[in-house]
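Student: Can you build the whole structure from these sequences, using the hints too?
There are 2 protein chains.
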Amino acid sequence: MMKIGELSKVVGCSVQTIRHYEKEQLIASAERSEGNFRLYDEAAVEQLLFIKHCRSLDLSLPEIRQLLALNRSPGAQCDDVNRMMDRHIEQVEARIQELTKLNKQLRMLRRSCSNRRTVEQCGILRNLSATPVSSG
Amino acid sequence: MMKIGELSKVVGCSVQTIRHYEKEQLIASAERSEGNFRLYDEAAVEQLLFIKHCRSLDLSLPEIRQLLALNRSPGAQCDDVNRMMDRHIEQVEARIQELTKLNKQLRMLRRSCSNRRTVEQCGILRNLSATPVSSG
DNA sequence: ATAAACTGTATAGCAACTATAGAGTCAATC
DNA sequence: GATTGACTCTATAGTTGCTATACAGTTTAT
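From first to last, the protein sequence lines are chains H and E. If you're matching positions, the first sequence starts at 856 in our numbering and goes up one per residue. If you're matching positions, the second sequence starts at 856 in our numbering and goes up one per residue.
Don't take every hint at face value.
Same chains, same names: a pair is fine if it fits in one copy or spans any two.
Unchecked claim - Result set (DMTMM-like, lysine to aspartate or glutamate): computed pairs, CA atoms no more than 20 angstroms apart in a straight line:
1. K878 / D941
2. K956 / E975
3. K858 / E889
4. K956 / E945
5. K858 / D934
6. K907 / E877
7. K858 / D935
8. K959 / E948
In short, the hints are calculated from the structure, not lab data.
Tutor: Structure representation (structure tokens):
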């Protein structure tokens, strides 16, 4: 059994994050030592790694909670998992599209000013004051 | 002179947002009527549109505050504006790269499970329990 | 006079942590 | 046995850019 500091090093996330996950019910309340310190076993390590992996894929804490729940009922159909992943992929792709469009607008705006001008002549500021650039 | 509700309709942002911008010092404290209502003129409309345009480009409120300050000193060099834009563009492009990588991983993961399996057989959950997918 | 619509301030909530304060616990050293 | 240092505990505030709510006051229309 290890204390929270060791667990934090093993899985590579901060002590506060672990306590946060406990409060958010992503991991069960840990056993406590006589002195009220949290105690963890190998199962806790695995679960935290699972969560960490999900987070690296930008899954939200509620989504992860749902996955963990599904994981606990192995006989259930996994359609829910698939639906969640599909929705998540859609969101990521939508965000990429948004940012790509944004990037074009920013580059266009940036081209409207070279250095060494005064603010008064600055094409960027002038353009920002005008009507928003069209999306084309 | 118009009240905050009218301004909100004219520029297309919520009343709370306008009050929020005032608190954050993006716009000056508005004049008040006898009954303590905020009163705005055309200049306020223009400034809010400027802010709205910047926000549509995902500039942060501190960045916008800085641009507004520069706008007020028209003789200054606009290098700062250019630097800010460059940094911002870099950030957006970095985020696009991150999300693109993420998207690949998610799609790979999604392919590991088709519908109608049980959770126990679900490739997604199995993969999430394993070591994080490599970036390649 | 009254009701509806608007405005005011203050406060909490979102997401997923991070940082801080102040107190208690534990192991090692003097 | 006292002290030091490293660790842990809880509770709370801060991050970002709003949004939503509660409750009170103002204005406008009927």
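Student: Does each hint fit the structure? Answer for all of them.
Tutor: Hints, one by one, checked against the model:
no.: 1; hint: K878 / D941; in the structure: neither (28 angstroms within a copy, 40 angstroms between copies)
no.: 2; hint: K956 / E975; in the structure: neither (28 angstroms within a copy, 41 angstroms between copies)
no.: 3; hint: K858 / E889; in the structure: within (12 angstroms within a copy, 63 angstroms between copies)
no.: 4; hint: K956 / E945; in the structure: both (17 angstroms within a copy, 14 angstroms between copies)
no.: 5; hint: K858 / D934; in the structure: neither (37 angstroms within a copy, 52 angstroms between copies)
no.: 6; hint: K907 / E877; in the structure: within (14 angstroms within a copy, 39 angstroms between copies)
no.: 7; hint: K858 / D935; in the structure: neither (35 angstroms within a copy, 49 angstroms between copies)
no.: 8; hint: K959 / E948; in the structure: both (17 angstroms within a copy, 10 angstroms between copies)
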